[in-house]
Each structure stands twice: as structure tokens, then as C-alpha cells.
Amino acid sequence: MHLLKLTVNGQNYEITVQLKTTLLEVLRDKLQITSPKAGCNQGDCGTCSVLVDSILVKSCLTNSLSVQGKKIITVEGLAKPGEVHPLQQAFHENYGAQCGFCTPGMILAAKALLDKNPNPTREDVKVGLSGNLCRCTGYTKIIDSVIAASEKMVTVTD
Amino acid sequence: MTLKVVGQNVLRYDGLAHVTGETHFADDVIIPGTLTVKVLRSPVSKGKIMNLDIRAAMSVPGVASVITADDVPCNGYGHIPDQPVLVEEMVRYKGEPIVAVAAVDEDTAIEALEKIQLGIEEEEPVFDHIQAMMPDAPKVRPEGNIHMFGKYPFRQVKFGDIDAGFREADVIIENTYRHPSLEHAQLEPMVSQAVPEAGGKLTVYTVSQAPHFHLEELYGILKVKKNNVSGKHWITEKGSRTGQGLEFGDINFIGGTVGGGFGGKNDMHADHITALLALKSGQPCKWRWTREEDLLYSTYRGCWYITIKDGVKKDGRIVARKIKTIRESGAYASSNPHVVEHNIFNSTGPYFIPNVHSRGYCVYTNKPPASSMRGFGLTPSTFATEVQANKIASELSMDPWEFRFKNVYRNGDLTSTGSKLDSVALIEMMQTLAEKTGVTLPDRLKQMSSAKRGGNSI
Ligand code: FES
Ligand code: FES
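If you're matching them up, the sequences are chains A and B in order. Each residue of the first sequence is one higher than the one before, counting from 7 in our numbering. Each residue of the second sequence is one higher than the one before, counting from 153 in our numbering.
Hints should not be assumed to be uniformly reliable.
[What the hints assert, rightly or not] When the alpha-carbon atoms are kept at most 25 Å apart in a straight line, the in silico PhoX-like pairs for lysine-lysine are as follows: (1) B/LYS156 to A/LYS147; (2) B/LYS267 to A/LYS26; (3) B/LYS588 to A/LYS147.
Think of the hints as simulated: they come from the structure by calculation, not from any bench. As the structure is a computational prediction, the values presented were derived from the model and not from experiment.
My request is simple: use the sequences and hints to build the entire structure.
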């Protein structure tokens with residue numbers, strides 16, 4: 007057993023993990039933060055995506071001890087308490103979420119994209135989200151959502 | 153009158169919960185101490201179990217329960233119900249569940265599976281459903297490979313006078329269409345969690361798309377309700393005590409939040425096994441299929457062969473249609489007979505054809521059971537009938553729009569299953585579609601209406 011210290015959505019945790027425990031297992035099973043999903047557990051689908059120090063990672067492939075001392079963000083902690091992040095609002099208003107299973111990972115992938123490129127083209131969005139699968143929407147409305155959010159977020163900061 | 157919902161964009165009632173991570177799917181119910189379920193699946197496609205020894209698996213430290221067919225009170229489920237929860241003796245597809253284990257963690261469950269001694273005498277399987285129809289094909293099931301719809305080996309629709317229709321025709325156009333099998337590949341894999349509650353009751357968290365059907369099936373498997381569906385000769389009723397004492401109303405079946413299904417969750421995949429293990433071990437049990445298990449062994453759209461023979465007049469009217477459609481069912485019936493019915497009931501597509509004879513076959517193979525996917529057989533039939541429509545139009549050197557305008561249903565037409573149609577708007581829909589996609593239609597098509605056939609509407 008090994009000691010792991012990490013911050014998730016602004017809260018500090020100290021837990022014990024095995025050498026092989028993944029970050030996804032830590033979040034879901036130990037901390038009961040369940041928005042990251044185990045869609046494939048092998049790095050293909052992106053439903054487990056989270057931000058580690060603002061970098062998008064697939065938590066099913068991330069050894070938990072490799073995030074020692076780092077800051078993790080999941081969609082539960084994307085907005086300030088009681089608020090909804092513009093990306094979340096845009097996914098809701100543009101029907102970017104259907105069954106909702108891919109949505110938390112999709113939104114975080116979109117966040118990582120907009121952090122780097124606040125004014126993406128539709129093509130940029132496709133590339134930015136290419137590690138995340140959705141089987142419901144056909145992606146069109148997801149791209150609409152990200153573009154809508156990017157427009158709002160640019161106006162807000164302007 | 154202003155309408156509040158019709159014609160308006162309405163936000164999803166669950167949309168905000170989806171984007172904030174508040175939506176809880178079956179796998180998101182985390183109960184500390186839950187046992188992990190793993191299942192030993194058949195390594196071969198067909199064969200007879202000669203020996204099965206689970207003693208070594210049961211003695212692995214950390215293993216709570218190991219179950220085989222002997223632990224299933226009523227070992228048959230599904231629409232017919234012909235599918236065993238755990239194999240009795242005959243394996244009918246590669247990946248068919250034989251033994252299920254509940255253990256403290258995944259590693260322990262896998263170790264237990266590895267300790268199981270299983271001997272199967274392999275038999276020759278059949279995978280292609282056309283080959284499986286041959287009289288000398290290996291038998292998937294003792295009663296034969298072609299599903300019996302009552303006393304017939306097919307489901308059929310007869311409408312009008314098919315021979316007179318073909319005599320009247322100027323051209324005969326016959327084609328065979330093949331639709332491959334398809335996996336739903338929904339993002340949420342099959343998951344089930346079963347929790348024993350006080351007083352011998354049970355809570356099950358399910359990914360089911362059809363919770364009412366599956367709850368009934370679960371009661372049937374646990375022998376709470378007498379199964380009175382035809383085909384019960386398939387079911388062996390065991391004296392096992394698992395689940396006995398449970399009464400109707402004692403299972404709390406929690407579901408409705410589905411991470412994609414597309415028809416793939418119309419069949420029970422995991423709830424029966426977790427329920428049995430939870431009752432036997434007295435502890436919460438969760439079974440999450442791996443993505444590989446989901447892709448290989450969950451239900452899928454079986455493949456189709458659809459042969460359409462049409463008798464057509466020079467002016468473009470179809471006057472006779474004969475269809476033979478053959479559907480792959482996999483090893484068990486599942487929803488396939490129903491899927492075949494839907495397919496042949498729709499064999500004319502949206503077109504009025506006065507003389508129709510369609511036959512649908514459902515054929516068993518040594519593959520995992522196929523089942524519903526996006527439309528219960530309608531999608532492959534639409535694929536075939538629409539490609540056929542284009543082929544006829546090109547054979548007659550006719551514009552494919554015009555061909556469709558001539559043949560689509562009008563108000564008052566009868567479908568081949570005898571329903572009289574009203575509120576038909578296919579012509580108007582195509583006119584709108586042409587307008588929106590920048591297609592210029594000739595005036596004679598623009599003037600047509602669904603109100604009646606004849607005059608301008610031909
Ligand atoms: S669960 Fe991590 S990529 Fe699919
Ligand atoms: S919304 Fe269902 S998988 Fe994307």
C-alpha cells in the first residue's frame with residue numbers, strides 16, 4: 007500500500023492505493039467522484055478523461071501514483087460551486103449531451119482545447135475532441151456546443 | 153393557440169445533470185464492500201460439457217460464491233424463453249457463460265476462474281445462416297436451425313393476387329441485398345449491481361432499456377412467478393433454494409438512466425447473474441463487462457439476406473412484389489422472431505403495392521444471440537427497398553424522385569398487412585425535401601398530393 011496525496015476539484019485527499027491502482031479507480035471507487043466513466047478501461051473511448059494540472063488525460067491509463075501532489079479537475083468541479091461553466095451551459099443548450107455517458111469527458115476535452123485555442127474552427131474542435139467517442143449524437147451538436155461556448159467565453163473575457 | 157412544446161426547442165429535462173456530472177448511471181452506484189463478478193465463458197463455439205469442477209475455485213481465499221447452472225432455479229429466459237442463464241450441458245456459442253464467480257476483487261475473481269476445470273467435447277459449429285438452412289448442416293439446436301413460427305418455418309404476408317400481379321407487369325426486376333451484422337457499441341458497457349436487502353429482498357441497479365420485461369424475466373429465473381410462455385421445454389427447473397422465499401414485489405429494479413443502448417440493452421445481459429450471486433453470497437455484487445466482452449458477446453444486429461422480386465409497369469408503378477428475407481439469429485431466439493415480423497410487415501417500404509407475398513426466415517447459428525437494433529428489422533428492410541427503388545428507376549430510365557412520387561402511399565391506401573392509411577403526407581414531405589435541398593421538381597410532381605391517386609397524382 008502506498009500513500010497518495012492529491013487535490014480533486016479543490017479538495018485535498020490522502021489515501022492509500024496499490025501500485026497498480028489507476029486514477030480512474032481512485033476517483034470512482036475511493037472518492038466516489040463518478041463523472042469519469044469506465045467506457046473501455048483501455049484508453050480508446052475518452053469517457054474517463056480528466057484534467058491533471060490542466061492537461062487532459064485518460065484516467066483509466068493513468069497510474070494513480072503518477073499524479074502525486076497534482077490538481078485534478080472533473081466536471082463536478084469545473085464551475086465555481088453553485089454555478090454552471092459556459093461549456094456546460096453550451097452543451098445543455100445545444101443538445102451536446104444525449105445519453106450523457108460521454109459528456110463529462112467530452113466537456114473536459116473541450117476545456118483543454120479552449121484553454122489552448124480560445125477561437126477554434128469546427129475542424130480544430132474535431133481534432134481537439136478526437137480522443138473522445140460519442141455514439142449518440144453523431145458529433146455535430148457536440149461541435150456546435152463547443153463553438154457556442156467559445157464565442158460566449160471570448161465575449162466574457164473581452 | 154400558441155403551442156408550448158410543439159414547434160419549440162425544448163431543453164432536455166436531464167441535460168443539466170448530464171453536463172455537471174450529477175447523472176448517476178448503474179455503475180455510478182458505489183457501495184463499499186461490493187464483490188466483483190467475473191464469468192467463465194465457453195472457449196469454443198459448440199460442444200458438450202463433459203466435466204466441470206469448481207472446487208478449487210471455491211477454495212481461493214476471497215471468493216464468496218461460485219455458481220453454475222445447478223444454482224439457477226429456472227434456467228431459461230428471453231422472449232421465447234430458450235436461453236440458459238448458465239450453460240447446462242450444450243454450449244451453443246463462443247463466450248456463452250458457464251460459471252460465475254463473486255470475489256473480493258477482480259484479481260481474486262480471475263484467479264478463481266483460472267482454477268476451474270472445464271472439459272468440453274467440441275462439435276462442428278455452423279456460422280453462416282444460409283449454410284445453416286441446408287438439411288445436412290450441423291444442428292445448433294436439436295429441433296433444427298430454422299425457427300418455427302407456430303407450424304411454419306417462416307412468417308409470411310400475402311396481399312392481393314401475386315400471380316396476377318406479375319402477369320400484369322412489363323418488367324421483372326430481381327435483386328438480393330445483404331446487410332452485415334452490426335454491434336451497437338454504446339459507450340456504457342453492460343453493468344449490473346445487485347444488493348441483498350433485509351428480509352431476503354433484493355435491489356438491482358440495471359442498464360436495461362426494457363426494465364419491465366427484464367424484471368419479469370428475473371422473477372421467472374428466480375422461480376417467483378410460474379413461467380407460462382411457450383417453449384418452456386427448454387427450461388430445466390432445479391430444486392436450488394437460491395431465490396426461494398422471494399415474493400413478487402420483493403425485487404427493487406432500479407434503472408432508466410441508460411448510457412446508450414440502441415436496442416443492445418433490450419436483452420438481459422448481466423442482471424440475472426448478479427442477482428443470483430447476491431442472493432447466494434448475501435453481499436452486494438457488481439458485474440461490469442469489459443469492452444471486449446461487450447463487443448464480442450452482447451447482442452448485435454444479425455445479418456440479413458433480402459431478395460426482392462418486383463413486377464413493374466412501364467409507367468413506373470410496382471404491381472407485384474415477392475420478398476424472401478433471411479435473418480441470422482445467433483444461438484437463441486431473443487427478439488429475432490419479432491424482428492423478422494417487423495421486417496416483412498414493412499416489405500413494401502412506404503410504397504403502395506397491390507400484390508405482395510413476403511416470407512421471413514429466422515435462422516440459428518453458433519454465434520452469440522443477435523437481437524434488436526435501431527428499428528427491430530426496419531432499417532435493413534428500408535435499405536433493401538430503397539436501393540431497389542433506385543435500381544428500378546434506373547432500369548426504366550426514370551428519375552428516382554418521379555418513381556417515388558408515383559408509388560408512395562396515398563390517403564386511403566391499404567398496406568400489405570391490411571391497414572387502411574389516413575393522414576398520409578409522403579408527397580408533401582418529398583416536395584418540402586426537394587425545396588429544402590435545392591432540387592427542382594417538374595410541375596407535374598409539384599401538383600401532386602397525398603389526397604388521392606389518379607388525375608395529376610397518377
Ligand atoms: S475508459 Fe479510459 S479511454 Fe475508455
Ligand atoms: S451522448 Fe451518448 S455517448 Fe455521447
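query = Regarding the pair B/LYS267 and A/LYS26, is the alpha-carbon distance no greater than 25 Å?
reply = The hint holds at about 23 Å.
inquiry  = So if I understand the rule, the pair passes when the alpha-carbon distance is 25 Å or less; does B/LYS156 with A/LYS147 pass?
reply    = 23 Å, holds
query = Are the Cα atoms of B/LYS588 and A/LYS147 separated by 25 Å or less?
reply = 21 Å, holds
The structure meets every hint from the earlier list without exception.
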